[in-house]
Every structure is written in C-alpha cells, then in structure tokens.
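S.K.: Next come the chains, spelled out residue by residue.
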Amino acid sequence: MRRPGMWIALGAVTLGVVLLGASGCGSSSSNGNASNVSTGASVNEVGKPGGTIKAAWHGGIDFIDPALAYYQESWQIEYATCVNLLGYPDKPAPAGYQLQPEAASAMPTISSDGLTVTFTVPPGKYKFNTGEPVTAQTFADSLMRDLNPKQVSPFVSFVASSIEGADGWNGKGTIPGVQVNGDQFILHLTKPNGTIEAEMATPFMCAIPHNLPISPKGVTSIAGAGPYYIASYTPNQSLVVKKNPNYTGPRPHLIDELDFGQFAIDQNQGILETKNGQLDWCPDCVTAAQSLPLSQQYGDGSPAAAAGKQQMFISPEIEVNYYAMNTANPALSNPLVRQAVNYAIDRTGATKQLGYKAGIPTDKYLPPQVPGASIEKAVYPLTPDLSKAQALMSQAKAAGVKTPINVLVYSTQGVQSATNRMALLTQELKPLGINVTVKYYQRAVQFQEEGVKGTPMDIADEGWLADFPDPYDFLNILLSGHSILPKNGDNFSYFDNKSYNDQMDAAATKVGSERAQTYGDIATSMKTDQAPWAAWSNQTNYDFFSSKIGCQLWEPSYGMDIAALCVR
Amino acid sequence: MPLLDVKDLKTYFRTDDGIVHAVDGVSFSVEKGKTLAIVGESGCGKSVTCMTIMGLNAKRNTITEGQAIFKDRDLLKIDPDELRKIRGNEISMIFQDPMTSLNPVYTIGAQLREAVQLHENVSKQVANSRSVEMLKAVAIPRAETRMDDYPHQFSGGMRQRVMIAMALVNNPDLLIADEPTTALDVTTQAQILKLMNQLQRDFGSAIILVTHDLGVVAETADDVMVMYAAKAVEKGGYEDIFYRPEHPYTWGLLGSLPRLVAEGADLKPIPGTPPSLLQPPSGCRFHLRCTYAFSPCVPDVPELLPVGGESASDHAVACHLEPEFRRRESHDLLHEVMAEQQV
Amino acid sequence: MVRYVIRRLLWAVVLFIAVTLLTFIMFYVIPVNPAAMVAGKAATPAMIKQVTHDLYLDRPLYVQYGHFMKELVWNHSLGYSYGNRQSVNSIIEKAAPVTAAVVFGGAILWLLVAIPVGIYSALRPRSKGDRVAMVGVLAGISAHPVWVGYMLSLIVGYKLNLLPIQGYCNLRGASAGQSCGGPYDWFMHMLLPWITFAILYSAFYVRMIRSSVMETLNEDYVRTARAKGAPERTVIRRHALRNAMLPVVTMLGMDIALALGGAVFVEIVFGLPGLGYWAIQSVFTFDLPIVIGTVIFASIMVIIFNLLIDLLYAVIDPRIRLA
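So the protein lines, in turn, are chains A, B and C. Following the working numbering, the numbering of the first sequence begins with 1 at its first residue and continues without gaps. Following the working numbering, the numbering of the second sequence begins with 1 at its first residue and continues without gaps. Following the working numbering, the numbering of the third sequence begins with 1 at its first residue and continues without gaps.
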C-alpha cells in the first residue's frame, strides 16, 4: 500500500513543487501548449572531469539516511551516492526507466511459484568511499535496518507485507524471509510480487555500511558506494557530495564536488544568483511565474541553447493529474455520466493554466514513462467534444439518470491555477446539466478529507507522483477496491469493480513486456467503459542552471541526474 | 534710572490662521529692588511680555519690536549668546507650574548646581554648597540630603521653593515670576508670597510678578500694570490701582476680587470673554465688554495718558471716558464695596 | 524593587502558560494528522497508529499538554520536528543567532538613522530637511519589506554587483559546503538584510522620535533650562533628549522582542534560516513542534525583553524606581 500522492501533496508546500498548482501567471500563456517538452537528455555533451557545482535548495531535504529520505530532492542525492542491487541507467527515457543489474551481477532469479527471489552480489565489485566492499550482506543490512520498527522507515509499508516474517517483526534476531547465502541475497515472499524488483531498486535499499546504527532521527554521516558519496551533512544547513575515489562502476562521475550551501534560499533570489553565476543550480527555485521568461532566454530553442549553452530545462515527471469521480456517491454513479465528463473537459485548457509548459495534456491514466503507457490507447479528446458528451448524457437520461446533477468538487486552496481550473470545469459541465460546487481545502487537509470513506465529495481534483515507473503504482494503488480504507485511503473515486480488482491483482504478479501489455489493456478498457477518472495532464519539472554547467540529463525515475552533470 | 525700561514692546506670532498680536505696544519700567505686578486675564499677553524680555519665544514665527533696556543693553537686540548669559544670572524666571518645571530625570541638586555652573566657572563643591545654602534660604528642611532627591519626591509648594532657590542662586538683579502661585493651594500660596517678599528684602532683587490674581498683587506689588488684550490699559502705583482705579476693566477686576467683596454680596464677574488676538477689536479693545462704552470707543484707540489730579505722576490710563466721570464712578464703586464690607 | 521584579516574573509565568496552551489548542483543532506525516507517504494504517501513539496524539489534549510541559520543564526539550526528526532545540539554537544578527544589526542601523534624523526634524519642523525626512518616512512605511528586499538584491546585488544578493554566512567561518564564512563575509551578507529591515523601522522611529522630541521641547522643564541660561545644545542634549528617549526605549524593547520572534520577511527574502523562516516554514508543513517551539521562544523573548526594558526604564526614569 503506497501513498505517494500524499507525499507530493506535502511536497507541494515543503519543496515548492506545487503539484496541482504550478501556480502563478499561467493564465494567459498562449504558447503554453506543451508539445515540445524535452523527453530526456538535453544535449549530447561530452563533459570534461573536474570542477565544483555550487547549489542551494529552497525547501531543503528531509534526510540523507536512506531508510528515511523521501523527498524528491533527497532521492536525487541518493541516486548519485547509492549503489543498489538493480538500478536505472543514466539515460533518458525510455532506456532510463529500464531496470538493470547494478551491484547484482544479473537480474534476480525468481522461483516458478514467484515466492523466492535471489540476487547474486559479487563481493567487492563496488566499494564504499571508506574502502569497505559491497556484498550480499550489505543489502540484507539495508533491508533489515529499514524493517526494524525502531528505525520507523516508510519502506516498511512498501514491502513488509510481502516478505515472510517482516510484518510485525520486533527488530530482534533475523527475518525468515531475508537470507544471505555466500554472495546470494535471497528474499522469501508471502505472495508473488511483480514490483519487488522496482522496490529493491528504490533508495531505501541503498547499500549501507555494515553496522550502520539504527537511528530514528536519521544518521547525518554515511559512507556511500555510488559514483559519489556524502562527504558532509548538517541538517537544515549544508550538504557536500564528493566523488567516490573507490568507484569503478559504469555510471558517469565527472564533477569533483557538489555543494548545497543553503537549504532556505528564496526562489526569486536563487534565480538571480544563478543568472549571475554566484550559484550554479537550485533544483526547486523555478516558479511558474519565472518559467516563461527563463525559457525564452535560456530554454530549448533560445539563442543560448543554439550556441550550446542551454540553461533552462523542462522535463516530464512520472505524474498524472486527474479528476477522480466518486463512483460510490449517487451523483456520478452512472458510467455514462462519467464518460460524458471525460468528453466535456478541456484538457489542453486546464494544462495551460498550470504555467509555461508546466504539463502535457493527456487522457491516459499511465504517464508516458511507465511501462504500458504506450499500450494504453488515447480514448478521450484533449479539447472538448460537447456533442459526444451530450449524446452520452441523453443516453444516461434514457437509462434513468435525472438532471440537473449537483456535484461537490474538492480542490486546493490558495493556488491560482486550481481556482482557474475549477472555473473551467464548472463551465464545461454546465451544458451537461451538471452543477458544480467547489470546496477549497489546504492541500494537506484536502487529500485527508477525500480519503475518508463515505465522503460527500463527488470529484477530487488530484495528482499522483510515482515512486518508481511502474503501472502498479498508479492502477492498483489508486483504482483497486483494496485501496479503499476507512481513513487515509488513496482510491478517491472509490472504484471497486470485482472484475477490474481481479485483473489488477493478476497483472501485479506479471513481469516484463507481459506486465506492460496487461496494464496497458486494463487502463484502456477501464477508462473506456467505467471511466472512474478523467485524467488531464502529466506534470513537468523545471531546472535552471548557471551557464557554467552542462551535461544535463533527465533520468526519468529520479529527475535531473547529479552524477551526469559536468562543468562546461 | 530704572533697572529695566521697556518701550513699545510688540510681539507677534505667525500661525496657520494668521498673525496673533500677543503683545501690542506695551511700555513699562521696573525700579531696582521694587516689584512690578502685571495683571490681567489669561491670554492678555502678560506672560508673553516676560518671555519676550527673556528671549524665550521660539525664534521662528515670532516678530518682536520695541526696546527693553536692561543695564544699558537692549535685550531685544543683543546677541542671543549675550542674552543667554544674562538669563538665569542677572535676570531669572520662575514659572506657573512647579510640578512640571523641574526636569524629572535629574536630582534637585544636579539642577541647582547646573544653574550655578552655567554662569560661573566654579567647582562642583562650590556649586553644591551654594545650592544647599539657597535651599536653606527657601526653607527646605534637611537641605543637604534633599539635594539628592528627584523632583517627584517633593510636594508642589516645595518644588516652587526649589524653583525660587534655583532662580535666586546667582543673585539676580531681576526676578520674573510668571504666576508663581497659581498652581498652588491657598496656604502654600501665602507661604510662597511671604517667602518672595522676604527674599526680596534679603537679596534686593527687583521682581516682575505676573498674575491674574489681584489678591497676590495686593500683598506684594509696588507698581501695577493692568493689561487687556495685548495692551496696557492702566498702570500706576499700588495705591493708584487699588484706591483710585480709573479704567472700567480695572474696576471689573477689583469687583471680582473675593477679598474686596463682602460676604453675602455677589461676585461680579466681567461679562463676556477676552477677544481674539488674531483680529483684535477696533478702537478700545475693551469696548465689547465695557458697560460704559460710548461712540468714540469703537473707532478710536485710547492712548495711555497720565491721570493727573491727586494721583502720582506715573498713574496712567487708556480710556475715552471723561476724567471727572471716571473719578466719580471709581469713588462710588469703591465706596460701595467698602460700605458693604463694613456692614 | 524586588517585589516589582517578582511580580513581573510571576506574570511572565502566567503569560508563558497561556501562550503555550493557546498554541497547543490551535494546532489540536487543525484537521491534519501529523502522524501520517511522520510515518511517511507510504504509511500503513498500523504504522500511522503506532506513530500516533508514540507522538502522544491519541491521548486527550490535557495529557498531551502535560507531557509537552514536562518535557520542556524537566528535560528542556521542545520535542522533535515531524518533518526531519531534528530536535526543535537544535533548530532554534541555530536559528536564534541568525535572527538576533538580523534584529540587533538592524536595530543599530535604524537607530543610527532615526535618532539624528528624528531630532533634526523635531528641531526644524517644516523646514526643507524636515519635509524631505517626512516624505522619506512615508515612503519607508509604505514600502513592503519584501519589495524593498527584492529591489535591493536586484539593484545592489545583481545589477551593480556591490553586495551579495542573499544568503547567510556563519560568523565563525564557513562550514563544509558553504561558500562563505567568517566575520567579513557575515557582515557583507548581512548588510542588505539590515538595510531592508531598518528601512521600515527607521521610518517609524524617525516619526516617533520627531514627535517625542517636539513634545519634550514644549515641556516646562525645557523652558526652565533655557531660562537658567543653558545653551541650546545643553538644553536639547541634557534636558530634552533624555526625556524624549523614554517612549523610544519602550518601543524599542517591544519591537526588538517581537522581531526576535521572527523577522519573517527579511529572513525569507534573504534566505536567512532564522526563527521567522522556521515559523513560516513549519506552519506550511504543519510541523507542530517547530511552530510551538518558535512561538515559545518568541514569547520568552518578549517576556525577557519587557522585563529588561522595565528595568532599564527604571534606570532612566527615577519616577519609576519607587513606584
């Protein structure tokens, strides 16, 4: 049971990644069609080694302790400083979201019943900056530490239920499901789990030095076995990442050092300093208001970019924005009405409200980086098709639906683009005989209210950012009946369809192209006949660098790739 | 030769509403060791007269004309620094409200010593002993210890004694006392006046006593000047003003004096209110409130002229009434008062 | 005097309890479950329940408050951040010097400006200089510190490149990863924040000092001093200013105390991780322990400064001493 949505929701405030917001001046931008968002690496630059990058954060990070780190920003750091059993290569999409062996010598062997997963870790293939070798035991250490109740790691919620003896482990002795045998790291599962590989690739499973103490507050100093390691960290103040001298792996590592000297920089000031070259990078400084002028001056297609000095990058996140239509409440219980809504909304228009290229309009439930997204068919139009919508409404009326329908929409308070979007939605649904009432909440309160079973909410104005590029993270988490909880649930459409529940459960155990195919098909048929959602866009991310920095690479799972950066 | 000879003194203030004629051509003189009382209602210009002589009006917005000859120097013309050296040394001043006239954040001693040291280059010890002496002279008990007390630790009467001590500490030739007893209760008033009389005898200073209270005048003054609406309406010796007053305004003042009005009889306040000094009335400024006013009073300004007759030569009055009539009326009025008092 | 101090201290305790309780209740009624935040985005219901228990959130309000007060008074602990589990004490320990640097430096600057200008204006009311000063005051009061801060950064920092645009440097030297440190860098980085901070306050103080001095100059004891023959300079310095500064001292105490609670705008614009920054940040993230921590720290500051000012006042004004 994963709840990334909540986290991005918090991220919206803590990190300045205003998810449903991307607020600001997005209202008028006529060139806001996001068709030419770069999908991966910027330039095929061959960087030279050396140099220091001076960086700062507006919102800072939560932890550097791999058991606890969970901000997008901290995962970016972990990606540069960690070795995992399996890893995502430093490549743009689509190669960038294909898991491949890293510390493990190959992809794991999975027993025919799907319950035993075996990784082989050649000892010493990777070494920590301290010289300590990475072995199979390293990953057992990491997992056991995560699962220790004293560590209070969010990873417990990811895997505890699927690893034998992990659920409810008291932290003493060993876990039956976690085993080390020579250079083999073996997991015994309680049920087949198609996401186990992806889960083992998350930063929670970062290689940690042996005997790293349990620390519920998070360790502030830790050796790293990735291309880089964290040389120093002072919470709320500074972070220094340095090249790991013992790294012999294939990942890039050009710059010598990356310094985050400030965790509380003002966004506008961060941009000024970056323009000035006093600062090289502030990952969370570009606001929607800044995005257009920066793109025009420094972005893709600007004269600067033509001269090989692009500084502004817009890259897609593994994210989907959607209206969740509550199937449990009478107002939108008829699938015909939900389909009509899907035809009536202006996905392009709503996306424009987010800001300059702040999103890519879509009707797909699966973001493009996720396996199965290319299988999922586009069904609904990106601009409204009112006649089709009205035809569906007539059908619905014939089937006994009475108009006008009054719906209650929950949206986010204090975000201009959300307010604009709600105005759009109200207008779009009016011709269908659907009267919209909007209730605005603080973001943290909004999803909490939406997640209470029996809520009077009919439509949730929502977004979802994935932990890793897997369809499970979208469909099973957000649309399975199992995700309906009395409180803190994530299935905001309260969609509980036996046939689809079973299909999704089955899909979760599949791997590879079969998995992609199955999920893609489920998404297509689900949205065509049941339409529990109206998905409308995929979010993008802004990054702005000083002119000094090159080799920007957007790794689809973790974002801007620190290990790949170079000094021009 | 008088100690201070003021001639045709005019003080005008520029304000947002226009020019206020606060003092409009006043002449008087003070003899050595004598007391001149300046009497009149509030706002008649008596305090401004003193402030002008002392050079204490705000320089901006003030227009001053005339002469104030003090020991061969015209106080209105001399260099401000010269005047400063005279202030507090040769001419001192005490004020109406002893509660606020002392600086609350310094001890009495500090303020007294400052007065000494501003004018004489003496040591702190010397300044201190002179101050203590002065405090004793104004009958402050335990003067030595009280030097270290702050003003708020003194009563109103005691503070006025301190003010007097401070004014006399440099043995001035002239003391200007601007309503020194107004803010005090009756018993204290009497004590302070007694003290002032006694000190005048001991130190030989001349005094200008500004007051609206004829009772105070009766106890101290040698000469009296009655002011009304920025002008002198009558002046003369103590006896002239109290026994042979010739101006209807002076009659009014005497009529409203409780001690001169018999028990049971009504006080007779002067009807009306003092005129605005922004645009003073034409002619005799008192004509609006004067029961004797007749045709010349409105257009013509009466001159301050010697009275003649049995009065002293410096008894002068500014009134259009016939001298004969004035004398008769004055006699009758006073007789009436006396008669009532005898009943 | 002793009784006076004791009375003030008792009052401070009452105030302290009231402030903490109020803050506590305010966050108690907020419809956000902090346990879900601590547990992380993937929390299972069981895990949320465990964290809820660990954080005392499943107990009644008075037990929570009692526990909080016990931790505070007994262990001097303000608890731990929900966000990154750092101790609130350590956060405030680091933030307070930053805010103190902003506030005291700013106060010195604004007094350096406001006292001479205010006195000048009071001595020459309606003169050209006074009029210029009053227009400046109006502008200073009207200009929002965020705007002023951005403009100073943009013009002085970015366009003219005279001073650093923003950021905080440790006085004692750079810690790892920071590009600046030491007294010189610290000073240069603080200049724009000080100016920004001082503009608003010096405007207020010029106006206040002007009116206070003008009022004092009309006092009888000032007239007495002149009548004594004191030169104008002595009259103003010795007799007028000391009295005129009494209300200024009171205001200064209040303003510094309040600002120590959070010079919010300046800290945010210039990226100074002080108390104001943390207060705002933690309110946005519902990080209750930090919010309460900053509120408590601020109220302690207000209480201490009020006490100090009362005592200072007694030194300046003898009338207070015996009262």
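It is possible that some hints are incorrect.
In the DSS-like style, the derived pairs of lysine-lysine whose C-alpha atoms are separated by at most 27 angstroms in a straight line are [to be verified]:
#1 A:K217 / A:K191
#2 A:K191 / A:K172
#3 C:K159 / A:K217
#4 C:K159 / B:K59
#5 B:K34 / B:K59
#6 C:K128 / A:K150
#7 A:K191 / A:K150
#8 A:K377 / A:K242
#9 A:K439 / A:K453
#10 B:K136 / B:K71
#11 A:K217 / C:K49
#12 A:K172 / C:K49
#13 B:K194 / B:K32
#14 A:K191 / C:K49
#15 A:K242 / C:K94
#16 A:K275 / C:K159
#17 A:K217 / A:K242
#18 C:K159 / A:K309
#19 A:K217 / C:K94
#20 B:K124 / B:K32
#21 C:K128 / A:K487
#22 A:K150 / C:K49
#23 C:K94 / A:K548
#24 C:K70 / A:K453
#25 A:K402 / A:K388
#26 A:K548 / A:K242
#27 A:K242 / A:K309
#28 A:K510 / A:K91
#29 A:K377 / A:K402
#30 B:K32 / B:K77
#31 A:K510 / A:K548
#32 A:K48 / A:K91
#33 A:K388 / A:K453
#34 B:K136 / B:K34
#35 A:K487 / A:K48
#36 B:K71 / B:K59
#37 A:K388 / A:K48
What the hints contain is simulated information worked out from the structure, not anything from laboratory work.
S.K.: Next step is simple, just say for each hint if it's right about the structure.
M.R.: Comparing the hints with the structure gives:
1. Of the pairs offered as hints, the one joining K217 of chain A and K191 of chain A is violated, with about 32 angstroms between alpha carbons and a cut-off of 27 angstroms exceeded.
2. For the hint pairing K191 of chain A with K172 of chain A, the CA-to-CA distance comes to about 24 angstroms; that is within 27 angstroms, so the pair holds.
3. For the given pair, K159 of chain C sits about 43 angstroms from K217 of chain A by alpha-carbon distance, which is inconsistent with the 27 angstroms threshold.
4. Restraint check for K159 of chain C and K59 of chain B: not satisfied, since their Cα atoms lie roughly 48 angstroms apart, outside the 27 angstroms limit.
5. Taking the CA atoms of K34 of chain B and K59 of chain B, the gap is near 30 angstroms; set against the 27 angstroms cutoff, the hint is violated.
6. Distance hint between K128 of chain C and K150 of chain A is unfulfilled; the C-alpha atoms sit about 71 angstroms from each other, more than 27 angstroms.
7. Our distance criterion of 27 angstroms between C-alpha atoms is met by K191 of chain A and K150 of chain A, whose separation comes to about 26 angstroms.
8. A C-alpha spacing of about 45 angstroms is found between K377 of chain A and K242 of chain A, which places the hinted pair above 27 angstroms, so the restraint is violated.
9. A C-alpha spacing of about 18 angstroms is found between K439 of chain A and K453 of chain A, which places the hinted pair at or below 27 angstroms, so the restraint holds.
10. Restraint check for K136 of chain B and K71 of chain B: the C-alpha separation of about 30 angstroms exceeds 27 angstroms, so the hint is violated.
11. Between K217 of chain A and K49 of chain C the CA atoms are separated by roughly 19 angstroms; this keeps the pair inside 27 angstroms, and the hint holds.
12. Distance restraint check for K172 of chain A and K49 of chain C: the Cα-Cα separation of roughly 21 angstroms lies within the 27 angstroms cut-off, and the hinted pair is therefore satisfied.
13. In summary, the hint linking K194 of chain B to K32 of chain B is supported, as the alpha carbons are separated by about 19 angstroms, within the 27 angstroms threshold.
14. Using a Cα cut-off of 27 angstroms, the hinted pair K191 of chain A and K49 of chain C holds, with the two alpha carbons roughly 25 angstroms apart.
15. A threshold of 27 angstroms between alpha carbons decides the hint, and for K242 of chain A with K94 of chain C the separation of about 25 angstroms falls inside it, so the pair holds.
16. Restraint check for K275 of chain A and K159 of chain C: satisfied, since their Cα atoms lie roughly 11 angstroms apart, inside the 27 angstroms limit.
17. At roughly 24 angstroms between alpha-carbon atoms, K217 of chain A and K242 of chain A fall within 27 angstroms of each other, so this suggested pair holds.
18. As the CA atoms of K159 of chain C and K309 of chain A are separated by approximately 22 angstroms, the hinted pair is consistent with the 27 angstroms bound.
19. For the proposed pair K217 of chain A and K94 of chain C, the alpha carbon gap of about 18 angstroms is at most 27 angstroms, so the pair holds.
20. As the CA atoms of K124 of chain B and K32 of chain B are separated by approximately 31 angstroms, the hinted pair breaks the 27 angstroms bound.
21. Distance restraint check for K128 of chain C and K487 of chain A: the Cα-Cα separation of roughly 69 angstroms exceeds the 27 angstroms cut-off, and the hinted pair is therefore not satisfied.
22. For the hint linking K150 of chain A to K49 of chain C, the alpha-carbon distance of about 15 angstroms falls within 27 angstroms, and the restraint holds.
23. About 33 angstroms separates the Cα atoms of K94 of chain C and K548 of chain A, which puts this hinted pair outside 27 angstroms; it is violated.
24. Restraint check for K70 of chain C and K453 of chain A: not satisfied, since their Cα atoms lie roughly 38 angstroms apart, outside the 27 angstroms limit.
25. For the suggested pair K402 of chain A and K388 of chain A, the alpha carbons sit about 18 angstroms apart, so the restraint of at most 27 angstroms is met.
26. With a C-alpha separation of about 18 angstroms, the suggested pair K548 of chain A and K242 of chain A falls inside the 27 angstroms cut-off, and the hint holds.
27. At most 27 angstroms may separate the alpha-carbon atoms for a hinted pair to count; K242 of chain A and K309 of chain A meet this at roughly 25 angstroms.
28. As the CA atoms of K510 of chain A and K91 of chain A are separated by approximately 25 angstroms, the hinted pair is consistent with the 27 angstroms bound.
29. A C-alpha spacing of about 31 angstroms is found between K377 of chain A and K402 of chain A, which places the hinted pair above 27 angstroms, so the restraint is violated.
30. The hinted pair formed by K32 of chain B and K77 of chain B meets the criterion: a straight-line CA distance of about 22 angstroms does not exceed 27 angstroms.
31. Straight-line distance between C-alpha atoms of K510 of chain A and K548 of chain A comes to about 45 angstroms, which puts the hinted pair past the 27 angstroms bound.
32. Straight-line distance between C-alpha atoms of K48 of chain A and K91 of chain A comes to about 18 angstroms, which keeps the hinted pair within the 27 angstroms bound.
33. Distance hint between K388 of chain A and K453 of chain A is unfulfilled; the C-alpha atoms sit about 32 angstroms from each other, more than 27 angstroms.
34. Distance hint between K136 of chain B and K34 of chain B is fulfilled; the C-alpha atoms sit about 24 angstroms from each other, no more than 27 angstroms.
35. Distance check on the hinted pair: K487 of chain A and K48 of chain A sit about 53 angstroms apart at the alpha-carbon level, beyond 27 angstroms; violated.
36. In summary, the hint linking K71 of chain B to K59 of chain B is supported, as the alpha carbons are separated by about 24 angstroms, within the 27 angstroms threshold.
37. A hinted pair counts as satisfied when its Cα atoms are at most 27 angstroms apart, and K388 of chain A with K48 of chain A does not qualify at roughly 57 angstroms.
Against the hints set out earlier in the document, violations occur for numbers 1, 3, 4, 5, 6, 8, 10, 20, 21, 23, 24, 29, 31, 33, 35, 37.
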